[in-house]
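Spelled out from the first residue to the last, the chains are:
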Amino acid sequence: MSLPTDFHREIAERAEPPGFDAVVERARTARRRRRTTVASGLAVAVVVGGLAFAIGGPGDRSADLAPPAPTTTWDGTSEVDPTLRGDVRAVLDDDRLDLWAVAGSSDAVAVLWRGCDQEPCRFAVVTRDGDEVTGTALGASFPRLSAVPGGWLVEDATGTFRLSPSGERTQIYVAGTGDDVMAGDTAVETSGGRRLLRGDKLIAVPTPSGGPATAAYVTPDGRMVAATQAGAGAVLVAATDDGRSWDTGLSTHTGLPVTGVMIAGHGDHVAVALLGDDPDGSVPVLEVQVSHDAGRTWTWARDLDTDGGDKVRDPSSLAVTADGLAFLATGSHHVVRIDAEGDVLPIQLSSFDSSVFELAGTVCAVSERGRWDQLSCSTDGGTNWSAQPLPGLL
Amino acid sequence: MPRKSAVDRVQEVYATSYRRLVGQLTGVTGDPVEAEDAVMEAFARAVNARRSFLAADNPEAWLRTVAVNVTRTRWRRGRFFRDVSHRLVAAESYDDLPDDRLALLAALRQLPAAQREAIALHHLADLPVHEVAEAVGAPVGTVKARLARGRAALAELLADPQSDTHPERSPR
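As given, the protein sequences belong to chains V and F, one line each in that order. Counting along the first sequence from 1, when you hit position 130 you're at 673 in the numbering used here, and nothing is skipped either side. Counting along the second sequence from 1, when you hit position 57 you're at 70 in the numbering used here, and nothing is skipped either side.
If you're looking for bench data, these hints aren't it; they were derived computationally from the structure. Be careful, since some hints might not be right.
Stated by the list, open to error - One-sided excerpt, in silico: chain F residues whose CB lies under 10 Å from chain V: (1) V20; (2) Y31; (3) R32; (4) R33; (5) V35; (6) Q37; (7) P45; (8) E49; (9) M53; (10) V60; (11) D109; (12) H136; (13) L137; (14) A138; (15) P141; (16) A161.
Glycine included, every Cβ here is placed at the ideal spot set by N, Cα and C.
Bound-form chain F, shown alone (with noise of 0.2 Å):
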């Protein structure tokens, strides 16, 4: 039996977990079409760094962390919305989601960025906390504080009638 690259080796992957992890991203991302393109991104960094990416024990793991530091690097340097919002129109596949939905993601907006992360990851993603303190690269007990400091300001923001979380009143 041949041998398989390790091209194709991310190519099985990207087959079963983008899906998957796109649907963890969007949590941190607070957009599904920035969580789509920060996946996007970890893959095609997986190609480019086979030797790491094989010898990962978990490489869904090891692709949602290159995605996490890529959100990260995003909101950073100020790019966070500039690469996509021109996308964000045409995110049709994304029209149809509920209300409350979109209400959570703009709540999620206007949390500080690392509550955001714990939380998505965790509540939203379904993550046990030490898998959220591996991808987000923080002791879990400072996990754990990020997402009781993350739930009481959620809860504010989708309590205040007031706060800016009207889906169509998207910060970008």
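Isolated chain V, as found in the complex (with noise of 0.2 Å):
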């Protein structure tokens, strides 16, 4: 096969340029559009009813806003928050700006913000409880953000450090070997791989084989669910009470390699993702599993389109609220809830949804909208959603 090398030429040859003043104009109308106070209509609209829709009805309109709100309305318009310090705000300000990640812990979220107007990109985390918001300037390259008990843990280039939702930072030791699992244990992911944070120190994560651990969740009891690889496209994922002795593997029931896991859980509710990688590029969900007895016994996700044209795909996130549904954010199905039976229900919130996680009894997802992204969340299990800006936005 040969290719045309001079396509590219046939092409320019008939591109006609517009008047430089189409660019000027269209420069003009995007930096408006950032400003753009938007018609108070588009207030109520911003509360989705999402699944109200996927059943057949369009729901509560006027569901509360969810916990981690302000408590002044959203009137359905963004701008950096300016009481936020100069260096946090020079990176929300950047043209390309991505919401590089999003956790909740308690009833507080944190965004990990990235701007890349100038090369390197910059990173800032911002955190919002109530109506307190506190930003932080990071010097990483690939800085990380991990949901714990009382913050977040943040990796970036100073070190490991717990941060509070009032912008309190805690030294984080890591602290090697660890061959056991406790009450209060939380599993993180960090640059070193999956470990254990215990009090102000990183343990490492014991599997049933010995290796590393590629996904993992620890129960308030210090029950855990642990996945490892288990040779080429096999993994096993199992659960243990002290780290040393193990429950039969979870059974799965796909024929396909299985190249990553997704672990989350709330309380005694686990959900487990089984991932594939298919050669286009893409990751399919091959599988989901739910638990409601701390990993010993599991509910197949049956409905789950794991085969086909139109099968689940490119999973961003994986979360379980307190009353035991779970939410898996796609990338081809936008948000996917499972509930305790394994039935399965896609909600679309916007044109593309991402990051979906537990937050104080409500599920929230990263929602599309304009320039910058939304926080939509829902306190009734996904029927009726509310959306708030993001943190670090007003």
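Bring the two chains, given one by one in their own frames, into a single complex with the hints.
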């Protein structure tokens, strides 16, 4: 096969540049869009009944804002919070701004922002707890953010620390080995792999094979569900009460090679998603199972579309709420809800939904809206959703 | 001599690089009209991000990277053809493209985005692999792998008369 090397010239000869005024006008429109005050009617429209539409009715659009929202009412517009420190505002003002990570902790929420107008890209984490908003500029190329009790575990160029909702930092130490699990441990992802946060130390996650854990969740009672690679294309997901003796592993239904695992939980509710690797670079969701007894028994989400052209793909996050509902944010089917019986329901909040997480009895997701995305939260298991600005924006 | 404003600099680059960028991006998008829109958007962003644009060693490479990112975002968000489809009928400038070129565009649209980007920028736009890597934000080795996979897939698509590469049967 030979490809035409003059193809781009053939196209270039035909491309007629519009006047440069069109570029300037387009740039002006984009700036105006960022500043525009959207009509107040939009404030009503942002209460999206995503699930309600999915099951055939418009639902109650007057749902209250979810707990992490500021007490003032949001009018649907967004601008960078002028009360933030200058170095944090500078990141959020970038045209090339990405939401790098978002995580809820208790009733507070934190967003890790990345601004790339300049090289290298700059990062800032902004936390919001009620009306209290705090921003911190970070110095690493690829910092990490994980929810932990009392705030978030943050890794940046300066090290690893716990960030409280009020912006206080507590140094966290890497202790290395560990062969047990106990109540109060929290499984987190670090640059060195999965670790257990115990007090102010990070210790290794015990696994049945002794190999590195690829995902883990620890219940409040100290029972852990952990996954580890078990040869090429296979994983072992098992539960333990002490890190030494393990229950029989999770029975999987997929016959396809498993190359990744996501585990999330709340109390004794646990969800496991098994992931594959398609030749086109996408990540298919091969299987989801949920447990409501800390990994002792499992229910398979058998209706999840894991085959064919419309299969669920490209998961970005998995969350479990206090009432045992699992939510999987995907690139193909928006937010997918899996209930206690394993029944599956896709929920579309916007043209692109991502980063689902649990927050003080609510489930929240990042949904697309204009220049800046917004936070959509549901207090009723995904029937009604209310919108609020992301931390760092007003 | 009066100092040029940043917008003047963007305009200079617009005059010299617009057509070339559209030609290079057409393979990436699989559609010349969408490529024009992505390139326009890149120039508008240059106007709004003057500091970053002026600081770039190679303004055309800066614009190309932004345009590729614009295209990706539209794919990701399912907007790829939505914004411009109503204008395609009026895209008379490209009506006289030979059938084999239209078939090539149709085949490109069937490739995974990462492979399409690599094939388009390297083979069709004639960029060296390291510049492709810079434009798509991937290591050189990854780009080479995508090129190999993309070439194989494209050869199959163009050889298979049953594949949806007929110029009159665009997937939009």
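Going through the hints against the structure:
1. V20: With a closest approach of 7 Å, the V20 of chain F hint holds.
2. Y31: holds (4 Å)
3. R32: Result: holds, 4 Å to nearest chain V Cβ.
4. R33: holds (5 Å)
5. V35: holds (4 Å)
6. Q37: Given a least distance of 5 Å, the restraint on Q37 of chain F holds.
7. P45: Hint holds; P45 of chain F Cβ to chain V Cβ min 5 Å, cut 10 Å.
8. E49: holds (6 Å)
9. M53: Holds - the Cβ of M53 of chain F comes within 10 Å of chain V, reaching about 6 Å at its closest.
10. V60: At about 4 Å, which falls below the 10 Å cut-off, the nearest Cβ of chain V leaves the hint on V60 of chain F intact, so it holds.
11. D109: This hint holds: D109 of chain F lies near chain V, its Cβ roughly 8 Å from the closest one there, short of 10 Å.
12. H136: holds (4 Å)
13. L137: Because about 5 Å separates L137 of chain F from the closest Cβ in chain V, which is inside the 10 Å limit, the hint holds.
14. A138: holds (5 Å)
15. P141: This hint is violated: P141 of chain F lies away from chain V, its Cβ roughly 13 Å from the closest one there, beyond 10 Å.
16. A161: violated (12 Å)
The structure is inconsistent with the numbered hints 15, 16, although it conforms to all the rest.
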